[in-house]
Every structure is written in C-alpha cells, then in structure tokens.
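Just need the whole structure built from these sequences, with the hints factored in.
Just so you know, the sequences run in chain order A and B. The first sequence stops at residue 395 when you use my numbering, and every number in between is there. The second sequence stops at residue 395 when you use my numbering, and every number in between is there.
Be aware that one or more of the hints could be misleading.
Covered, in the sense of this in silico footprint (three residues per stretch, anywhere, with C-beta under 8 Å from a C-beta of chain A), are these stretches of chain B [unchecked claim]:
hint, region
1, 220-230
2, 298-309
3, 331-338
4, 354-362
Bear in mind the hints are in silico, worked out from the structure with no lab data behind them. Beta carbons are placed, not taken as given, at the ideal position from N, Cα and C, and that holds for glycine.
There are 2 protein chains.
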Amino acid sequence: MSPVVQVPAQVSATPGALLHHVRTGRAKSRAELVALTGASRNTISNRVDQLIAANLLAEGGRGWSTGGRPPTLLQFNAEAGCVLAVDLGVTSVDVAVTDLSARVLATAGHPIDISAGPVAVLAEAERLAREVLTEAGLRDEDVRSVGVGVPGPVEFSTGRPSHPPIMPGWHDHPIPDAFGRWAAPVFVDNDVNVMALGEMGVGGSVQDVLVVKVGTGVGCGIIVEGRVYRGAQGSAGDIGHIHVPAADGRSVLCRCGNTNCLEALASGASLLRDALAAGLPVTTTRDVVELAAHGDGAALELVRDAGRTIGTVLASLVNFFNPHRIVVTGGVARAGLPLLSGIRESVYARAMPLAARTLDISVSDAPDLSGRVGAALMAIEGYLDEDSVREAITS
Amino acid sequence: MSPVVQVPAQVSATPGALLHHVRTGRAKSRAELVALTGASRNTISNRVDQLIAANLLAEGGRGWSTGGRPPTLLQFNAEAGCVLAVDLGVTSVDVAVTDLSARVLATAGHPIDISAGPVAVLAEAERLAREVLTEAGLRDEDVRSVGVGVPGPVEFSTGRPSHPPIMPGWHDHPIPDAFGRWAAPVFVDNDVNVMALGEMGVGGSVQDVLVVKVGTGVGCGIIVEGRVYRGAQGSAGDIGHIHVPAADGRSVLCRCGNTNCLEALASGASLLRDALAAGLPVTTTRDVVELAAHGDGAALELVRDAGRTIGTVLASLVNFFNPHRIVVTGGVARAGLPLLSGIRESVYARAMPLAARTLDISVSDAPDLSGRVGAALMAIEGYLDEDSVREAITS
Numbered sequence: 001m002s003p004v005v006q007v008p009a010q011v012s013a014t015p016g017a018l019l020h021h022v023r024t025g026r027a028k029s030r031a032e033l034v035a036l037t038g039a040s041r042n043t044i045s046n047r048v049d050q051l052i053a054a055n056l057l058a059e060g061g062r063g064w065s066t067g068g069r070p071p072t073l074l075q076f077n078a079e080a081g082c083v084l085a086v087d088l089g090v091t092s093v094d095v096a097v098t099d100l101s102a103r104v105l106a107t108a109g110h111p112i113d114i115s116a117g118p119v120a121v122l123a124e125a126e127r128l129a130r131e132v133l134t135e136a137g138l139r140d141e142d143v144r145s146v147g148v149g150v151p152g153p154v155e156f157s158t159g160r161p162s163h164p165p166i167m168p169g170w171h172d173h174p175i176p177d178a179f180g181r182w183a184a185p186v187f188v189d190n191d192v193n194v195m196a197l198g199e200m201g202v203g204g205s206v207q208d209v210l211v212v213k214v215g216t217g218v219g220c221g222i223i224v225e226g227r228v229y230r231g232a233q234g235s236a237g238d239i240g241h242i243h244v245p246a247a248d249g250r251s252v253l254c255r256c257g258n259t260n261c262l263e264a265l266a267s268g269a270s271l272l273r274d275a276l277a278a279g280l281p282v283t284t285t286r287d288v289v290e291l292a293a294h295g296d297g298a299a300l301e302l303v304r305d306a307g308r309t310i311g312t313v314l315a316s317l318v319n320f321f322n323p324h325r326i327v328v329t330g331g332v333a334r335a336g337l338p339l340l341s342g343i344r345e346s347v348y349a350r351a352m353p354l355a356a357r358t359l360d361i362s363v364s365d366a367p368d369l370s371g372r373v374g375a376a377l378m379a380i381e382g383y384l385d386e387d388s389v390r391e392a393i394t395s
Numbered sequence: 001m002s003p004v005v006q007v008p009a010q011v012s013a014t015p016g017a018l019l020h021h022v023r024t025g026r027a028k029s030r031a032e033l034v035a036l037t038g039a040s041r042n043t044i045s046n047r048v049d050q051l052i053a054a055n056l057l058a059e060g061g062r063g064w065s066t067g068g069r070p071p072t073l074l075q076f077n078a079e080a081g082c083v084l085a086v087d088l089g090v091t092s093v094d095v096a097v098t099d100l101s102a103r104v105l106a107t108a109g110h111p112i113d114i115s116a117g118p119v120a121v122l123a124e125a126e127r128l129a130r131e132v133l134t135e136a137g138l139r140d141e142d143v144r145s146v147g148v149g150v151p152g153p154v155e156f157s158t159g160r161p162s163h164p165p166i167m168p169g170w171h172d173h174p175i176p177d178a179f180g181r182w183a184a185p186v187f188v189d190n191d192v193n194v195m196a197l198g199e200m201g202v203g204g205s206v207q208d209v210l211v212v213k214v215g216t217g218v219g220c221g222i223i224v225e226g227r228v229y230r231g232a233q234g235s236a237g238d239i240g241h242i243h244v245p246a247a248d249g250r251s252v253l254c255r256c257g258n259t260n261c262l263e264a265l266a267s268g269a270s271l272l273r274d275a276l277a278a279g280l281p282v283t284t285t286r287d288v289v290e291l292a293a294h295g296d297g298a299a300l301e302l303v304r305d306a307g308r309t310i311g312t313v314l315a316s317l318v319n320f321f322n323p324h325r326i327v328v329t330g331g332v333a334r335a336g337l338p339l340l341s342g343i344r345e346s347v348y349a350r351a352m353p354l355a356a357r358t359l360d361i362s363v364s365d366a367p368d369l370s371g372r373v374g375a376a377l378m379a380i381e382g383y384l385d386e387d388s389v390r391e392a393i394t395s
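Here is the structure:
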C-alpha cells in the first residue's frame, strides 16, 4: 500500500461484505446497499436473495419511503446459529453461548487456577460450554464457531499460546483441539485484544482506542481505526512490564525478574499484596475492590494510587498514540471512580495538551462481561468471513 | 470496518490503483496487473492504454516469456513532471526538486531560524524552490505538486501548524499560500511523518515501523502496516515530552514547562548544552556530533548517554507497539554507532524478549536527505491520487 495517499478504500459488495454492512447497521435495505457500495441494483438484489436463501438475512417490515414504494428492510438473522465464548482469566473461567449478534443466551463460570495447566482447565471450559448450550436449549449442531480469550500472548493463526508468562505449562498448547466436539472453527486471542473487541461492540468503531485491562496483571488492547493492532510478533499492548520509577523510590521485584514493572506496582496482584501489608481484612483482589466500593479509606487510597501509577504510563502512551479514548476494564475496573480519578490525575498532569484536550477516559460499563462479549464477537466475525459466507450461499 | 476479520482487502483496479501498482513495482506488465487485481484482461488493457495516452505510463522493452509472446513491460513515466520538496527544520531550510520517483534533480539549502516567522522563512523557501527549478532546467508548469515538512504539529487537511511549540508565530499560518506561484496542490505535514515516508522509500512498506528523529527536538513517525498513523488530533508520535526520570536524579526544566521531558535530557539541544557545560570546543549540535565522529571521548560519551536515555523511552514503546523495526534519523543520527549502541543497550535491557527478539534498530542511511525525499513522496502520492489520475486520463 502506498505510504500517504491510499488507493481509496472501496466499499466492497461481495456477499460477505453485504452481510457485514447490514449486520453492523451501515445499510438497512437493498437501496442503501446500492448507495453504500456503488454496485448495480441487479448485483445487490441477486446477492441479497442468496443471503436470504442461506437464512443469513431476513426481510422485516418496511422503511420510510423517500418517494415511491417504501423499501423492504433487511435484517441480519442473528438466530441463524450460535457461538461459544470462553473468557479464561488467571483465576477464573467464564463461558457464554450467544446468538450471532453477541447477545448472551446463557453463561456460567467459576474460579480456577490457570496454572492447573491446559488439559484440566480446558476440560472444565468445555464442560461449561456444554452446560450453557443445554441451558439455552441449543444443540451441538447450532454452534457455528468458538472464541477463546486467554491471559497471555497467542499465535493468532494457530491458537497456541506463545511463552505466556503467567500460564505455566500452556506454551504451544493447541487450544482449539479442546473444542473438537463442535465441528466449528475456534479462534483464540490474547484476553486484552478480545476485551477490546467487546468494548467496541457489534457496530465496531473507526476510532483509535486503548482498552486497558487491570486484572491480576495489566495489559492493553490497541484499536487502530476500529481494528485490533497486533504488531510484529502479535505482542503489541504488552504494557504490564513497562518500567515505572516508584514515586517513593522503592524497588519492587516483578515476577518477570525485572524491578518496578507497571504490574508489580499497580495491578490486581499488587493491590492485594499492599492491602494485606496494610492489614486490611481481605483474601482476594475482589475483596479490596469491594472494600473500596464501600468507602473504606485505606482501600480507596490503594486503588487511587494504583490508578495514578497506571496513569503515568498512560500519559506517555497518550503522547505517543494520541488515542480518541481510553477504556479501563478488568476486575479492578469494578472499583470505578477511585481508579479512574487516579488515572486521570496522572494523564492530565503529564500528557501534552493537544493529545489530552478531547481525550475521553472512562471505565467499562460491564468490565465483567467484555471478555465474553469480545470472544463472541471474535467468533462471529471469524464465522462470517468471506469464505464461510460464500460457502453458505452456494451449498 | 469490522473489528476482527476484515472484509478482504480487494486489490483495486481503478486507473489510479493500476498506476500505483506499476509505480511501486507490484506489477510490471498488463498480465501481472490482471493477476494482481483479478480484473478482466479487457478492463486492464483499456485503462493501461488511457494511462499511456496521458503520458503517465510508458511501454518499455519485453519481459521474459512464460510461454507465448513475451509481455510488453510497463514503466511509470517518472519524468511526466516534477515536485518541489521543502524540508523546514528549526535551524535549516532545504529544498529539492525531484522527478515523480522522488529522484533529486537539484537541491539547495542553508541555516535559518524558524522563529524568524512564517513570512520570512517561507519567502526564502519559495526563493530556493525557484532556484532549484532553474538549476534543474525545469519550468513552473512542470511542477505537479509541493510537499512541505515542518518541525511541529500540522492540521494535515489545511496545511496549517497547530500550536507548534518551537515555531513561534506559525500557529494557524496557511503554509500552502506561500507556494501559490505554482498552480499545484501543496501538502504539509509534521517533519517526522515526512521523514518516516522518506525512510519507507518509493516502494513503501507493509511493516510496523517507528522512525525516531533526533534533531534539535525528538519526535517519532509511526508507520502502521506501511501507512503513517496520526492519531485522534494528528499528534501521534509526539514523544519529545514523555517524562523520563534522570538516571542521576537531577531535574532538568524543559522549554514546555515540565521537568525531565525526553528532549530536555536527550536531544540535539541538550547535547549542545551538556557539551558546553563540559567545556568542549563547540558552538552547534553539529560540532558535538562531529567531535564524536572523530573519536573525542567526552563527546562520544555524551552521545551514547543521549542514546541510553532515548532507549529507555523506546523500550516502553517497543513493549506497547511491538514494531518490526526502528530507524533513527535527524541531525544527531549522523553520529551513527555511539548513538545507536546507547539506544540498543537500553532497549534490549528493558523491552520484553518477545517484542525485542527480532526487532531491528538501525540508523538512517541518509539522515540529511530523508526529510526532502519524504516531502517529495508526500507530494507525489498526493498528486497521483485517484481523482488527479482520473482527471489526467479524461482531459
């Protein structure tokens, strides 16, 4: 591609693209598809008919007339199948079954220990998946694809973790094989990339966005013009080990062997450590977050301080990346305002005014759910790619 | 656009796209254009004939036969016009005239002070442009477009600087107006974005690259899959004011009002300041760089130390952005190895192994020239966009 001026992006009119335009709300009728793509009325009509015959589109009601017969509205048939969404965390597994618009039909989950290894953990994820399918009254044949988010780097093309630092025993494990029961494609990605998709939602986005996950560790999903940016080895967004000088000059050893990595100073794990050291009555990070939510002064200050530390790193990234917005998610994001105000304090104090001027920093509306919704969206997009749609309409 | 799985990028077969494919070496004959785009032989033939009639493509020689008549090779007619390339620095102006392949035909430049303001500086740039045109034996009518790089943030769509911190008096000045003599479009961008284009070259790139300019200030051009990434307000890559704790605990005031910004600790300006403080016989940053190049121990250590400081910031950005490569350019990059080894030392010590494993960090082959070549490429791409090409072949 050319460096400055792109050959103009054509709005594609392949069957897969037409389905995409309707599904994401970019076009609602044959006429709008013609206007959007510039393809002929005939071409659009034929392809829409094929998509209706394949049960992927449906006609539903009439739109407003702009003169002449009111157009027949097109709808994506979100019930043409379902997908399984697996959100694997360091300390939890959550599985959902959703329709093809990522609407959750049933979900189940519980605490786990990721270091129990891939065989045990994935067997449990598979069991939960069967459970939610049954609960939703769906059959194995209804499953169109499976999306899995894991808390570590993944080779996206093969679905295998690549030297994940906090998933001992998982390196190179073929995660897709665990879901062989469903003769469906399995898509695996890093949990922060998956959460970033979840935060963008079904309609997607054309903005530049950072989705910062503050869970046991800290990571960042990077969205460039609405698409996940992965980098050269797929490790982009790995901000947990950025070096941060501690404000009080202390030196904290990180599990990676370096000192004063971001997540050694400000993460779910460090919050718990510091809360225990301060003598707070807690046993999990969630307890600390809940104490803060109930207004406990010491817990509040710990959370806000973690926010300040995360904010110092984000201030640098705001200068570098100049995002439209930052969304904070993950377990610690449930703390809400105290975390956010700490982050904002540091970002607005240190980032350049031009980059910070209209920057929106917010906490996810549903930090617990974005992993599952994102995994579902990844599965849906994977299923509805060009080849699958072509196959569906010709078979 | 969809978040995970894109509607497949179609290889466009518009006239502008065909020209682009030939110009960047992606296709060398009608048959290769057919193979690349999937368009019909007839469509390709007609459009190529139009481009030849418009003098943008030329037939040149025969390729290897793969059975049958050997194909006629197509060439981009780089002499169908010329562009003016203006590289404005804080302390220098350089202007070149190039052909449509960014080959420099004539160039001229000299020291200036950007704070003399836009009227005086741009009048001088315009004078130099007339001079190089005459030197190359070209006329005003041969100029197809003008590219200008400036050392500050620019609103790309209007070519006006936006609160540039080191260009007093330039805010909102309509730079394109200064080149009205040539009835040609004028493209203005931040110098680091322009240099990044120059480093990518005519063929472009599909990689993720950081082009770090170490001149009077420090900035970074960000290339995502071969294209300049600008961010929400166009200020992406503004790394000069990222906060860096000084290794020795000192606090250095930056001209922006904050302390210990990257460019307050490691830039051409800080090198000169520290060299003067150390009693070295220098009056410009260039003197310091040349002392180091001649093996002066004190100058070498200052340059290497600047490299180490820049490297601490780049280590964080490597974790975040996971680039394929980093190219260092700008005046201080002329120092070469001592700067590079300082940068590498910090990056490899602090960046995550996965992101650093195959990362290539190098110094520009021609740090003095990348601003002019980049400005020329910006002008050429701007000129050869879809609309202009369509106009050329129908007029």
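Against the structure, the hints come out as follows:
Counting residues of the region 220-230 of chain B whose CB lies closer than 8 Å to any CB of chain A gives 10, which reaches the minimum of 3, so the coverage claim holds. Note: the region 298-309 of chain B has 0 residues with beta-carbon separation from chain A under 8 Å; the three-residue rule is not met and the coverage is violated. Note: the region 331-338 of chain B has 0 residues with beta-carbon separation from chain A under 8 Å; the three-residue rule is not met and the coverage is violated. As drawn, the region 354-362 of chain B meets chain A at 5 residues by the rule of a beta-carbon pair under 8 Å; at three or more, the given contact holds.
The structure shown violates the earlier hints numbered 2, 3.
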